[in-house]
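Chains as they are written, first to last, in UniProt numbering: chain A, 1 to 460; chain B, 1 to 98; chain C, 1 to 377.
A couple of the hints might just be wrong.
[Claimed, not checked] Below, computed lysine-lysine pairings styled on DSSO-like, alpha-carbon distance capped at 27 Å:
1) A:Lys243 / A:Lys216
2) A:Lys2 / B:Lys50
3) A:Lys243 / B:Lys47
4) A:Lys93 / A:Lys243
5) A:Lys93 / A:Lys216
[As the list claims (entries may be wrong)] Residues from chain B shown here face chain A by an in silico Cβ test under 8 Å; the list is partial:
6) Thr8
7) Ser16
8) Met20
9) Arg41
10) Gln48
11) Lys50
12) Leu53
13) Arg88
If you are wondering where the hints come from, they were derived from the structure by calculation, not from laboratory data. These figures come from a predicted structure and were not determined experimentally. For each residue, glycine too, the CB sits at the ideal point set by N, CA and C.
Listed below are the residues making up each chain.
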Amino acid sequence: MKQDLVIVGAGPAGMGAAIEARRAGLSVLVLDEQSAPGGQIYRQVERVTLTETARADRLGPDYAHGAALVREFRDSGAEYLPGAMVWQIEAGKVWYLSGDRAASADAGQILMATGAIERPMTRKGWTLPGVMSAGGVQILLKSSGMIPGADTVLAGSGPLLYLIAGQILAAGGRLQAIVETVPSSRYLAAARHLPAALGTGYLSKGLAMLMGLRRKGVQIYRGVSDLEVTGRDRAEALHFRHKGQAVTLTTSLVVLHEGVIPNQQITRLTECAHDWNPAQDCFEPRTDDWGNASVPGLMIAGDGAGIGGAWAAEAGGRLAGLEAARAAGRIDTTTRDAQAAPLRARLNALIRGRGFLEVLYAPSAPVPKDDATIVCRCEEITAGQIREAVAIGGLGPNQVKSYLRCGMGPCQGRMCGPVVTAIIAEERGVSPDAIGYFRIRPPLKPIPLAAIANAEPGDG
Amino acid sequence: MSFTRTPTAARSVQFSFDGMPVQAREGDSVAAALLAAGIDRFRTTPKQGKPRLPYCMMGICFDCLLEIDGEANRQGCMVEVRDGMQVRRQDQSREVRL
Amino acid sequence: MGSPDVVVIGGGLHGCATALHCARAGLQVELLEREAVGRHASGVNAGGVRQLGRHYSEVPLSVLAMQMWRSIGDLVDDDCGFQPSGQIKVAGTEAHMEANRARVARLQTMGFAHEEVIGADELRALLPALSDGHPGALISRQDGFANPYRTTTAFRRKAQSLGVRIHEGRAATALTRDGAREGGGFRIDTAQGPLRAARVVNCAGAWAGTICAAMGEPVPIRAAAPMMTITAPMAPFVSPVVGFSGAPLSFKQFANGTVMIGGGYSGEADLDTGLTRLRHDRLAVNLRTAMDLFPVMAGARIVRHWAGVEGEMPDAIPVIGPSSTTEGLFHAFGFSAHGFQLGPVVGLLIADLIQQGRSRLNLADFAISRFRTQDET
């Protein structure tokens with residue numbers, strides 16, 4: 001059966017879009033790789049709120065809002081298919097894997113709401129066991145109630161680093177240190193965005209978190225550089241430079257974070273146009289104010305369209321849902337605009353505060369200096385090998401990929417793509433915009449050969 | 001690296017890792033359950049034979065690849081652990097016959 | 001700097017190899033590539049280094065190319081990732097075996113002995129993971145595979161080291177006879193200004209037909225997009241490259257454990273954008289063949305499908321040789337799905353033609369004039 005709207009992803013944007021589109025009477029199918037709605041930000045929010053009130057409280061009021069949003073989504077009448085891994089999108093058709101079976105859904109419009117990924121924090125030693133991303137540690141905490149050991153060090157930059165520190169402490173855990181890579185000059189540069197930020201609550205939230213950490217004995221190092229993790233078969237120490245001194249912290253868990261960027265895998269797969277966002281140092285798919293992508297019939301909402309956080313993603317998703325209803329002829333433009341007005345007002349308020357964060361937490365060193373640093377974790381390709389491939393004439397990411405197999409492993413370039421572009425841009429002295437990105441080919445994620453071999457269109 | 005776990009009412013789940021019994025909580029991903037159990041290596045890399053553990057836990061990094069119920073190259077962080085599941089380490093550095 | 005002797009249009013493997021051989025012969029060469037060297041078929045093909053099962057017309061070229069592959073490092077200072085793993089074409093039926101025996105006999109009358117028929121026992125020993133019920137195979141033991149992009153890069157770099165100037169991102173937009181030039185020659189227009197040269201070699205792959213049409217010798221070239229599949233690493237189970245008489249298939253496992261599956265099933269190519277679209281129905285057929293031959297593939301995970309744009313002729317052999325209308329113009333295109341192994345040799349033959357007016361191997365079967373329509377003759 002053909003759906004008016006097929007949505008990929010059930011985070012705040014996907015759920016918001018589904019709710020609004022359903023309200024306008026569209027048939028909606030939501031394909032979600034996760035086992036329950038919520039996306040990464042409200043991951044397993046239903047189970048946590050239902051069964052473990054104490055943990056939900058600890059995870060804060062934003063999580064409670066997520067629970068309400070999921071309830072609204074569940075009640076919307078949208079068809080929700082959990083455990084559905086989308087592997088290909090063609091004009092008007094979404095192919096996915098449900099269990100071990102390939103199926104497809106025909107769609108009037110397709111909304112891609114697959115969110116953000118953490119910016120790969122490519123540092124020497126980051127492939128060692130005992131080095132994890134902050135998002136990964138947060139998932140362990142949120143979904144499995146796992147509290148890391150007291151020797152844990154958080155390193156990098158971005159608000160999530162402090163949020164997670166706060167969550168670990170609130171759960172009764174301890175931390176050795178937070179090692180912040182933000183150069184001190186950044187705080188001055190960011191200060192001009194302060195008046196806007198003060199009105200939004202971003203800053204007060206941040207300061208409250210910081211003070212809590214100091215009280216609990218967490219060492220805080222600011223303005224550090226030259227991060228490196230060492231160890232034989234696992235992380236044993238984190239080294240860095242702080243105020244001109246070499247510092248070594250003995251630790252068995254280094255948690256890295258340097259902000260989030262749109263997960264461009266699906267929007268590259270569908271050949272949507274992307275633009276470089278220099279303020280956030282990442283590519284963003286090109287969309288209009290309603291989430292329409294450059295490819296007709298495709299829409300993008302949420303952090304996958306540009307980083308704005310959960311509240312902005314939800315508002316963007318609702319706007320896209322309204323626009324999908326308009327495009328399907330269920331509501332007229334006037335109705336759409338009227339319903340969109342409060343959502344736009346909310347979005348604008350959210351965006352005001354972000355200039356401060358963007359400047360403060362811009363990634364400090366996306367390109368690894370040391371040639372021995374592994375960039376492509378799957379194929380174990382180093383920064384030096386990539387530089388050499390550029391030196392012998394590899395003009396762009398796809399040439400480097402063909403030459404080195406960099407980005408051809410199981411992660412399909414997710415972990416090395418942004419850094420490969422950055423290295424080539426730096427070596428050639430041009431902007432990342434001119435360099436572009438890996439061509440992403442199906443399947444969107446590795447899937448069983450047998451499923452494709454036996455796939456019949458329309459099995460949905 | 002070690003984790004302590006918050007108290008829970010969740011049901012306990014039994015599965016095996018390389019034939020050894022492991023206890024997990026219902027709702028854990030296979031990757032989380034193995035990290036909680038203190039497993040120090042999920043796989044070794046095909047080229048250099050280096051040990052790896054999960055990095056992102058959200059389906060992006062593919063460093064949590066495991067053999068689950070006989071099927072290789074599955075993302076441990078995306079699969080919920082079930083009673084009786086047989087999970088194996090993925091050693092990809094073995095000699096290649098030519 | 002004066003005008004070059006030769007301008008090569010197209011920066012694929014054959015363009016780079018032609019430039020390399022012309023430079024070795026002492027000619028001044030410039031190469032125009034509208035995108036990047038190795039961007040299409042040359043960079044993304046299956047990498048088969050195969051004499052096995054070639055069209056009879058191609059066999060002499062393929063055998064000479066194989067000699068060059070065996071010492072490829074001497075030619076381009078890089079081993080190109082060449083692995084002489086052997087290639088085996090599995091027979092599905094006794095009828096296939098009969099055809100194989102006839103083929104080997106015919107090759108022997110031509111003076112070639114690189115292909116052999118093997119029976120079920122040797123096949124089992126060579127391919128222990130193969131499913132049951134195959135009566136034997138055709139084998140070429142010295143064949144193998146190489147890394148296509150690395151190979152094209154090696155040819156490009158060697159050509160550059162011999163003085164070839166390679167212009168990437170510079171498309172030839174028009175080719176005209178240069179009346180002003182003494183002794184004839186060509187003007188090649190590009191957005192970045194014209195080039196002039198006495199000789200032009202058309203190595204433009206799927207785009208080569210435009211040049212032929214402009215020079216009054218249209219060819220029925222079709223843009224194909226052979227689709228390929230690669231898996232996540234698997235435990236090693238197969239060494240040689242495997243084909244099949246019962247259905248199109250090209251199947252190999254690399255040292256890192258990944259398995260590549262092709263077979264020439266075409267997706268859709270868009271010559272304007274250079275992009276390709278996959279056809280899942282055809283891919284599914286290709287993957288089922290792989291699973292039927294190697295049951296272990298039922299547990300494989302696919303990491304990537306892709307396709308490269310290639311030029312394909314209706315009689316499945318390329319155009320190699322001088323223009324039939326225009327003196328000083330040479331063609332080498334239309335290799336779809338079987339041009340990679342010929343990479344080292346075709347440029348050598350073109351360089352022969354340019355230098356001596358004749359080539360060391362007979363190219364009559366590849367003449368562009370074979371497509372001349374009745375009313376033109």
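Q: Kindly indicate which numbered hints from before are broken by the structure, ordering the numbers from low to high.
A: Numbers 2, 3, 4, 5, 7, 8 and 13, in rising order.
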